[in-house]
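Q: Listed here are the chains, written in short residue letters.
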Amino acid sequence: MLLVPCPNCGPRNSTDLRYGGESHARPDPNTASPSEWRAYLYLRDNPAGWLRENWYCASGCRRWFSIERNTATNEFRDPPLPGDKRGGAA
Amino acid sequence: MAAIGGRLRRRPPRYSAAALAWKGLRGESWPRVWRDCDLKRSYDAVVIGGGVHGLATAYYLARDHGMTDVAVLDKAYLGSGGSGRNTAIVRSNYLTPEGVAFYDRSVHLYEQMAVELNINVMFSQRGHLTLAHSDASLRTMHWRAEVNKLGGVNSSVIGPDEIKKECPSLDTSDHPRYPIQGALYHPPGGVVRHDAVVWGYARAADHMGVEMHQKTEVTDIVCEGGDGPDGKGAGGRVTGVRTNRGDISTPIVINCTAGWASLISTMAGVRLPITTHPLQAAVTEPVKMFLPTVVVSGSLHVYVSQTDRGELVFGASVDPYANYSVRGSLEFTEGLAGHVLELMPGVSRMRILRQWSGLCDMTPDYSPVMGFTPVDGFLVDVGWGTYGFKAAPVSGEQMAEAAATGRTPKLIEAFALSRFDNGELVGEKGAASVGH
Numbered sequence: 013m014l015l016v017p018c019p020n021c022g023p024r025n026s027t028d029l030r031y032g033g034e035s036h037a038r039p040d041p042n043t044a045s046p047s048e049w050r051a052y053l054y055l056r057d058n059p060a061g062w063l064r065e066n067w068y069c070a071s072g073c074r075r076w077f078s079i080e081r082n083t084a085t086n087e088f089r090d091p092p093l094p095g096d097k098r099g100g101a102a
Numbered sequence: 095m096a097a098i099g100g101r102l103r104r105r106p107p108r109y110s111a112a113a114l115a116w117k118g119l120r121g122e123s124w125p126r127v128w129r130d131c132d133l134k135r136s137y138d139a140v141v142i143g144g145g146v147h148g149l150a151t152a153y154y155l156a157r158d159h160g161m162t163d164v165a166v167l168d169k170a171y172l173g174s175g176g177s178g179r180n181t182a183i184v185r186s187n188y189l190t191p192e193g194v195a196f197y198d199r200s201v202h203l204y205e206q207m208a209v210e211l212n213i214n215v216m217f218s219q220r221g222h223l224t225l226a227h228s229d230a231s232l233r234t235m236h237w238r239a240e241v242n243k244l245g246g247v248n249s250s251v252i253g254p255d256e257i258k259k260e261c262p263s264l265d266t267s268d269h270p271r272y273p274i275q276g277a278l279y280h281p282p283g284g285v286v287r288h289d290a291v292v293w294g295y296a297r298a299a300d301h302m303g304v305e306m307h308q309k310t311e312v313t314d315i316v317c318e319g320g321d322g323p324d325g326k327g328a329g330g331r332v333t334g335v336r337t338n339r340g341d342i343s344t345p346i347v348i349n350c351t352a353g354w355a356s357l358i359s360t361m362a363g364v365r366l367p368i369t370t371h372p373l374q375a376a377v378t379e380p381v382k383m384f385l386p387t388v389v390v391s392g393s394l395h396v397y398v399s400q401t402d403r404g405e406l407v408f409g410a411s412v413d414p415y416a417n418y419s420v421r422g423s424l425e426f427t428e429g430l431a432g433h434v435l436e437l438m439p440g441v442s443r444m445r446i447l448r449q450w451s452g453l454c455d456m457t458p459d460y461s462p463v464m465g466f467t468p469v470d471g472f473l474v475d476v477g478w479g480t481y482g483f484k485a486a487p488v489s490g491e492q493m494a495e496a497a498a499t500g501r502t503p504k505l506i507e508a509f510a511l512s513r514f515d516n517g518e519l520v521g522e523k524g525a526a527s528v529g530h
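Going down the list, the protein sequences come from chains A and B.
Its first residue numbered 13, the first sequence is counted upward by one per residue in the working numbering.
Its first residue numbered 95, the second sequence is counted upward by one per residue in the working numbering.
One chain only, chain A, in its complex shape (with noise of 0.2 Å):
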């Protein structure tokens, strides 16, 4: 079972939380152009490696937050402090 780091519920088994995928920064809707919003909609960059995501602590605080995760190697490093706004955009 992975153990997600919650910044304010502590260590989570996986399965208590919901995955919001790559956190990118949303661009500005009223200044994007299309091929600016499809690509912040579709295109991932997936890598084998660090990567930062979101994550929704659905079963605990129900807060979103990001965090940095080894895709290869399921490590977890950089978690935000409890109050951290960072990322979690999702």
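Derived from the structure by calculation, the hints contain no laboratory data.
Fair warning: this is a prediction, and the values are worked out from it, not measured in the lab.
Treat the hints loosely; a few may be bogus.
To list a few chain A residues with every Cβ distance to chain B over 12 Å, as calculated [said to hold, decoys possible]:
#1 Pro17
#2 Asn20
#3 Cys21
#4 Gly22
#5 Arg38
#6 Pro39
#7 Pro41
#8 Thr43
#9 Gly72
#10 Arg75
#11 Trp76
#12 Asp90
#13 Pro92
#14 Leu93
Each pair of labels, with its calculated beta carbon distance range [said to hold, decoys possible]:
#15 A:Asn25 <-> B:Ala113: 49 to 57 Å
#16 A:Ser47 <-> B:His269: 52 to 60 Å
#17 B:Ala230 <-> A:Glu48: 31 to 39 Å
#18 B:Ala113 <-> A:Arg30: 53 to 61 Å
#19 A:Arg50 <-> B:Asp402: 45 to 53 Å
#20 A:Asn20 <-> B:Gln206: 52 to 60 Å
#21 A:Thr27 <-> B:Asp515: 33 to 41 Å
#22 B:Ser419 <-> A:Pro17: 13 to 21 Å
#23 B:Gln206 <-> A:Arg74: 52 to 60 Å
#24 B:Ser419 <-> A:Arg74: 23 to 31 Å
#25 B:Pro323 <-> A:Glu48: 13 to 21 Å
#26 B:Arg403 <-> A:Ser47: 48 to 56 Å
#27 A:Ser47 <-> B:Pro191: 27 to 35 Å
A few chain A residues that face chain B, going by a derived Cβ cut-off under 8 Å, partial list only [as the list claims (entries may be wrong)]:
#28 Thr27
#29 Gly33
#30 Ser47
#31 Arg50
#32 Tyr54
#33 Leu55
#34 Arg56
#35 Asn58
#36 Thr83
#37 Ala84
#38 Thr85
#39 Asn86
Note that the Cβ used here is the ideal one computed from N, Cα and C, for glycine as well.
Fit chain B to the known structure of chain A by using the hints.
A: Then chain B, alone, in the frame of chain A:
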């Protein structure tokens, strides 16, 4: 000797019952099926990925278009990825007209494969049941049945009594938490021996002059004229690939690397709408035959078939988070066992022998991404998610045509990478997977 593509090649040694008896009686061993070659400095086309898609593409390039100066590169061994890890189910009862036409062609090619490749692929068209446990899924089954019939595919909705007749071991009573309300019955669906398909394509391609290079990892793709760094990216063109065994110059590179598709495409400066998720599967100890059809339940996230050896092969939905590791997990086995027992309480004493995992390249609309990219000469046959094996022959045939002629064949026009720019997604989620 036979002359194919203007070059002399050895005649394929035929596989037959007589050859088997002759070899067996004389105690002779069989010759190696494909050659080991030195890597040349240049090829007419390079296929990255020695799985069933890559090998089929190389085979059809040689057979249909006379392109025999082709190299298939794989960083491990042939069929080491999804081609040897899938649950070997073949069917064409999809949801969109584009999907139905495409996968139906694949089933036809599978039907001819044993004769054409002279190898026993053990295609067993035993019938395919997709169970519905709710009014909503029953409605989708009716929808699929009508689209299938329009496309000339044998597919219909049947009720619990007929399901019990086809597959007596299923619990069709109203006792389970999610009682079976009906099913989409697809008689041409079945299972194939997936290794034989890989070896059959590899052997046939080898006889026509295609070179297979195992343990040859592509480390970079060389481009020029693109808008990104090193001439990569949109507007450029491919001039070669770098590998751990040396550099190759080639005008055509075809990416058939499934779970690793994003990593290879990034080397050419092409971003894909793909995330890589592992899909786990498991197999039980062998027992006598009792499961005559393939059984799928989208609501319970499980599909099961019985092999000719008597083992039950289970598959489920992809793991919920993106991952390049192929380790199994206990929560998968626990969830799977619970769902299977709800369908077939009679197998409660069977033991699981082993579980494994393969990488799936998931797209947002559960349809593949095939054909040309903004980089000239760089073609993709990716986004095969959980449905790549059943589409291998038709993908190879169509990708070969695209690479050889420079035009997108009609059958795969709908699956172009540009559909994400144009907003023309081909939504197959209701028919392509069990995880939703």
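Q: All the hints need checking, so say for each whether the structure fits it.
A: Evaluated hints:
Distance check for Pro17 (chain A) against chain B: the nearest CB is about 14 Å away, which clears 12 Å, and the non-interface claim stands. Residue placement check: Asn20 (chain A) keeps its beta carbon more than 12 Å from all beta carbons of chain B (closest about 19 Å). For Cys21 (chain A), the requirement that its beta carbon stay farther than 12 Å from each beta carbon of chain B is met, with the minimum near 17 Å. The claim that Gly22 (chain A) is not at the interface with chain B holds, since no C-beta of that chain comes within 12 Å of its own (minimum 19 Å).
Non-interface status of Arg38 (chain A) relative to chain B is upheld: no Cβ of that chain comes within 12 Å, the nearest being about 17 Å off. A cut-off of 12 Å between C-beta atoms confirms that Pro39 (chain A) is not in contact with chain B; the least separation is 15 Å. With a closest Cβ-Cβ approach of about 15 Å to chain B, Pro41 (chain A) is found to remain outside the 12 Å limit, as its non-interface label requires. The claim that Thr43 (chain A) is not at the interface with chain B holds, since no C-beta of that chain comes within 12 Å of its own (minimum 19 Å).
Non-interface call for Gly72 (chain A) relative to chain B: holds, since the shortest CB-CB distance, roughly 16 Å, exceeds 12 Å. With 12 Å as the threshold on Cβ separation, the claim that Arg75 (chain A) sits away from chain B holds: the shortest Cβ distance comes to roughly 18 Å. Under the 12 Å C-beta cut-off, the non-interface status given to Trp76 (chain A) relative to chain B holds; the minimum distance is some 15 Å. Residue-level check passed: Asp90 (chain A) sits 17 Å from the nearest beta carbon of chain B, beyond 12 Å.
Chain B leaves Pro92 (chain A) outside its interface by the beta-carbon criterion, the shortest separation being 18 Å against a cut-off of 12 Å. The beta carbon of Leu93 (chain A) is kept farther than 12 Å from every beta carbon of chain B, the shortest such distance being approximately 22 Å. In this structure the supplied range 49 to 57 Å holds for Asn25 (chain A) paired with Ala113 (chain B), their Cβ-Cβ distance being about 55 Å. Range check, Ser47 (chain A) to His269 (chain B): about 54 Å between beta-carbon atoms, so the 52 to 60 Å window is met.
For the hinted restraint 31 to 39 Å between Ala230 (chain B) and Glu48 (chain A), the CB-CB distance of approximately 36 Å keeps it satisfied. Between Ala113 (chain B) and Arg30 (chain A) the beta carbon distance is about 56 Å. The supplied range of 53 to 61 Å therefore holds. Distance hint check: the CB atoms of Arg50 (chain A) and Asp402 (chain B) are about 46 Å apart, consistent with the given range 45 to 53 Å. A C-beta distance of roughly 59 Å is found between Asn20 (chain A) and Gln206 (chain B), which places it inside the suggested range of 52 to 60 Å.
Evaluation of the 33 to 41 Å hint for Thr27 (chain A) and Asp515 (chain B) yields a pass: the beta carbon distance comes to about 36 Å. Roughly 18 Å separates the CB atoms of Ser419 (chain B) and Pro17 (chain A), a value that falls within the hinted 13 to 21 Å. For Gln206 (chain B) and Arg74 (chain A), the hinted distance range of 52 to 60 Å is satisfied, since their beta carbons lie about 55 Å from each other. The given range of 23 to 31 Å is respected by Ser419 (chain B) and Arg74 (chain A), whose C-beta atoms sit roughly 28 Å from each other.
Pro323 (chain B) and Glu48 (chain A) have their C-beta atoms about 20 Å apart, which keeps the hinted 13 to 21 Å range intact. Here the CB-CB span from Arg403 (chain B) to Ser47 (chain A) is close to 52 Å, well matched to the stated 48 to 56 Å. Distance hint for Ser47 (chain A) and Pro191 (chain B): a CB-CB separation of about 28 Å, consistent with the stated range 27 to 35 Å. The beta carbon of Thr27 (chain A) comes within 6 Å of a beta carbon in chain B, closer than 8 Å, and the hint placing it at the interface holds.
Below 8 Å, beta-carbon pairs count as interface contacts, and Gly33 (chain A) has one with chain B at about 7 Å; its hint therefore holds. With a least beta-carbon distance of about 7 Å to chain B, the hint placing Ser47 (chain A) at the interface is held under the 8 Å criterion. Interface restraint check for Arg50 (chain A): the shortest CB-CB distance to chain B comes to about 6 Å, inside 8 Å, so the restraint holds. Because the beta carbon of Tyr54 (chain A) sits about 4 Å from the nearest beta carbon in chain B, less than 8 Å, this interface hint is met.
Look at Leu55 (chain A): its Cβ gets to within about 4 Å of chain B, closer than 8 Å, so that hint holds up. Restraint check, Arg56 (chain A) versus chain B: the minimum CB separation of about 5 Å is within 8 Å; hint holds. Checking Asn58 (chain A) against chain B: minimum C-beta separation of about 4 Å stays under 8 Å; hint holds. Annotation: Thr83 (chain A) was flagged as interfacial toward chain B, and the flag holds, the nearest CB pair being 5 Å apart, inside 8 Å.
Interface hint status for Ala84 (chain A): upheld, as the beta-carbon distance to the closest one in chain B is roughly 5 Å, under 8 Å. Restraint check, Thr85 (chain A) versus chain B: the minimum CB separation of about 7 Å is within 8 Å; hint holds. A cut of 8 Å between beta carbons decides the hint on Asn86 (chain A): the least distance to chain B is about 6 Å, and the hint holds.
Figure legend: structure checked against the earlier numbered hints; every hint is met.
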